[in-house]
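*Asks:* Here is how the chains run, residue by residue.
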Amino acid sequence: MDERPIRVILPLHLRRLAGVDGEVTLAVAGEVTQRSVLDALESTYPTLVGLTRDRATKRRRALVRFYACGEDLSNEEPDAPLPSAVADGVEPYLVVGSMAGG
Amino acid sequence: MTGVRVLVGTRKGAFVLTSDGGRKDWKVSGPHFPGWEIYHVKGSPVDPNRIYASQTSGWFGQVIQRSDDGGETWAPVDGDFTYATPTGDHLWYDGTLKPWAFTRVWHLEPSLADPDTVLAGVEDAAMFRSTDGGKSWTELTALRDHRTAAGWMPGAGGLGAHTIIQDPVNAGRIYTAISAAGVFRSDDDGASWRPVNQGLVSEGIPSPDAEVGHCVHRIALHPSRPETLYMQKHWDVMRSDDGGEHWREVSGNLPSDFGFPIDVHAHEPETVFVIPITSDSEHFPPEGKLRVYRSRTGGDEWEPLTKGLPQENCFVNIFRDAMCVDQMDPCGIYFGTTGGQVYASNDGGESWNAIVHDLPSVYSVEVQTLP
Numbered sequence: 001m002d003e004r005p006i007r008v009i010l011p012l013h014l015r016r017l018a019g020v021d022g023e024v025t026l027a028v029a030g031e032v033t034q035r036s037v038l039d040a041l042e043s044t045y046p047t048l049v050g051l052t053r054d055r056a057t058k059r060r061r062a063l064v065r066f067y068a069c070g071e072d073l074s075n076e077e078p079d080a081p082l083p084s085a086v087a088d089g090v091e092p093y094l095v096v097g098s099m100a101g102g
Numbered sequence: 001m002t003g004v005r006v007l008v009g010t011r012k013g014a015f016v017l018t019s020d021g022g023r024k025d026w027k028v029s030g031p032h033f034p035g036w037e038i039y040h041v042k043g044s045p046v047d048p049n050r051i052y053a054s055q056t057s058g059w060f061g062q063v064i065q066r067s068d069d070g071g072e073t074w075a076p077v078d079g080d081f082t083y084a085t086p087t088g089d090h091l092w093y094d095g096t097l098k099p100w101a102f103t104r105v106w107h108l109e110p111s112l113a114d115p116d117t118v119l120a121g122v123e124d125a126a127m128f129r130s131t132d133g134g135k136s137w138t139e140l141t142a143l144r145d146h147r148t149a150a151g152w153m154p155g156a157g158g159l160g161a162h163t164i165i166q167d168p169v170n171a172g173r174i175y176t177a178i179s180a181a182g183v184f185r186s187d188d189d190g191a192s193w194r195p196v197n198q199g200l201v202s203e204g205i206p207s208p209d210a211e212v213g214h215c216v217h218r219i220a221l222h223p224s225r226p227e228t229l230y231m232q233k234h235w236d237v238m239r240s241d242d243g244g245e246h247w248r249e250v251s252g253n254l255p256s257d258f259g260f261p262i263d264v265h266a267h268e269p270e271t272v273f274v275i276p277i278t279s280d281s282e283h284f285p286p287e288g289k290l291r292v293y294r295s296r297t298g299g300d301e302w303e304p305l306t307k308g309l310p311q312e313n314c315f316v317n318i319f320r321d322a323m324c325v326d327q328m329d330p331c332g333i334y335f336g337t338t339g340g341q342v343y344a345s346n347d348g349g350e351s352w353n354a355i356v357h358d359l360p361s362v363y364s365v366e367v368q369t370l371p
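Taken in order, these protein sequences are the chains called F and U.
1 is the number of the first residue of the first sequence in our numbering; add one for each residue after it.
1 is the number of the first residue of the second sequence in our numbering; add one for each residue after it.
The set of hints was computed from the structure by calculation and includes no laboratory data.
Be aware that one or more of the hints could be misleading.
Stated by the list, open to error - Some but not every residue of chain F turned toward chain U, in silico, with C-beta under 10 Å:
1. ILE9
2. PRO11
3. LEU12
4. HIS13
5. LEU17
6. VAL20
7. GLY22
8. THR47
9. LEU48
10. VAL49
11. GLY50
12. LEU51
13. LYS58
14. ARG61
15. VAL64
16. GLY97
The model shown is predicted, which means the values in this text are computed figures rather than measured ones.
Where is the CB? At the ideal position from N, CA and C, for every residue including glycine.
Please take these sequences and the hints and turn them into a complete structure.
*Replies:* If you want it as structure tokens, here you go:
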């Protein structure tokens, strides 16, 4: 199965845990969905397992948001295809710590 | 002994404070894990280079960090604290039932014998053990599966298993304290637990003989007298001389018997330290005076220790895991405040100096006495 290079931007805390600077590029096999991107993220950086979504249910953590192409995809179905600009490596997929507190 | 290493967990990172045996001049390193809440940092008593840290975030969840070089460098290990058996419900504040859910690791207690073995007390209350240096964790399910667990209600800070004490003499004996369930003791290395709360009297609990439901804030023991336990409860300072079977109040002449930490002098098993807080409604020292109280009689008779501590306009709190003692002679005592100060005494509490003034709010303070 072909693998596609997907650009992902992580928040500072997760970049530090993963030991990376700037955006990362993940090899995603098959259809490019939020689930397949996050699976690839956790496979490449096992330290991040459980930090963006629940280990067992795979539900998004409440204060983590997912964006791409100017859209908030946080509550979209995890198996829905991501925009073609993300799948084609033109636009990044963003993992964001939501603004909370005040 | 060459010196001490003080491990400080704060609301926004961890700090490592080191000094020689004089404990006057300090080197400060950190923040480690900046921006993360560090609930607890503690070193192995058998390998001081081995240190564990609980790194947690409301955004991203739980990470356990490990250092093998005395806090110079760190690496994340496993942070999977999935409960091992089906979870039930526990009481919520409004009287309804709420499903058990892991939130964070409150306390890490390295083994007295093996640097790769460490216990973790977590919220919602449960205990886990790693025997591979934090690479994997296994729940000691008997605690969460205890027959009284459905009736445990969280303290204001959560349903946390916050204190773990390993008996250094009686093999297999472990104590834990849970807010607001009380003290539990295992005599078989965590395979079974029973409440040991007889003698505790807690405001708001109808039965004075309630088996559980007590908001125990911290317990401590001296290794030479493992049958004697000291407790700072929500209100009341307590003492047991039979391994927790029976408790009696030793608050004596304290200006307030509310508080969080309690600890025992390293070389005097009847010398105990507490830091009184005004009340459960006012989490700051009485009269704005930061005073450590010392009893040299195992409780009941207390004296204030104030030299070097602010005696006006001080309105900080000291959390349950934020006081500790070293093994030097004279004994050193350390505590951290919600105002970001870490105070140290190198003379058994007679005088105090702030090692640092302006850290983030301090969650925990532990000290290693270095060989």
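*Asks:* Are the hints correct? Go through all of them and say.
*Replies:* Cross-check of the supplied hints:
1. For ILE9(F), the interface hint is violated, the least distance from its beta-carbon to any beta-carbon of chain U being 15 Å, above 10 Å.
2. At a threshold of 10 Å, the smallest CB-CB gap from PRO11(F) to chain U is about 8 Å, leaving the interface hint in force.
3. With its C-beta approaching chain U no nearer than about 7 Å, LEU12(F) sits inside the 10 Å limit, and its interface hint holds.
4. About 6 Å separates the beta-carbon of HIS13(F) from the nearest beta-carbon of chain U, less than 10 Å, and the hint is met.
5. For LEU17(F), the interface hint holds, the least distance from its beta-carbon to any beta-carbon of chain U being 6 Å, beneath 10 Å.
6. Checking VAL20(F) against chain U by beta carbon gives a least distance of about 14 Å; that is not within 10 Å, so the hint is violated.
7. Taken as an interface hint, GLY22(F) does not check out: its beta carbon lies about 18 Å from the nearest beta carbon of chain U, beyond 10 Å.
8. Interface hint status for THR47(F): upheld, as the beta-carbon distance to the closest one in chain U is roughly 5 Å, under 10 Å.
9. With 10 Å as the threshold, the beta carbon of LEU48(F) comes within range of chain U, its nearest partner Cβ sitting at about 9 Å, so the hint holds.
10. For VAL49(F), the interface hint holds, the least distance from its beta-carbon to any beta-carbon of chain U being 8 Å, beneath 10 Å.
11. Using the Cβ-Cβ criterion of 10 Å, the hint placing GLY50(F) at the interface with chain U is satisfied: the shortest such distance is roughly 6 Å.
12. The beta carbon of LEU51(F) is positioned within 10 Å of a beta carbon in chain U (closest approach about 4 Å), and the interface hint is therefore held.
13. Against a cut-off of 10 Å between C-beta atoms, the interface hint on LYS58(F) is violated, since the closest Cβ of chain U lies about 13 Å away.
14. A cut of 10 Å between beta carbons decides the hint on ARG61(F): the least distance to chain U is about 6 Å, and the hint holds.
15. With a cut of 10 Å, the hint placing VAL64(F) at the interface with chain U holds, because the nearest CB-to-CB distance is about 6 Å.
16. The interface hint given for GLY97(F) is met, as the beta carbon of that residue sits about 4 Å from the closest beta carbon of chain U, less than 10 Å.
Of the numbered hints stated above, those contradicted by the structure are hints 1, 6, 7, 13, listed in ascending order.
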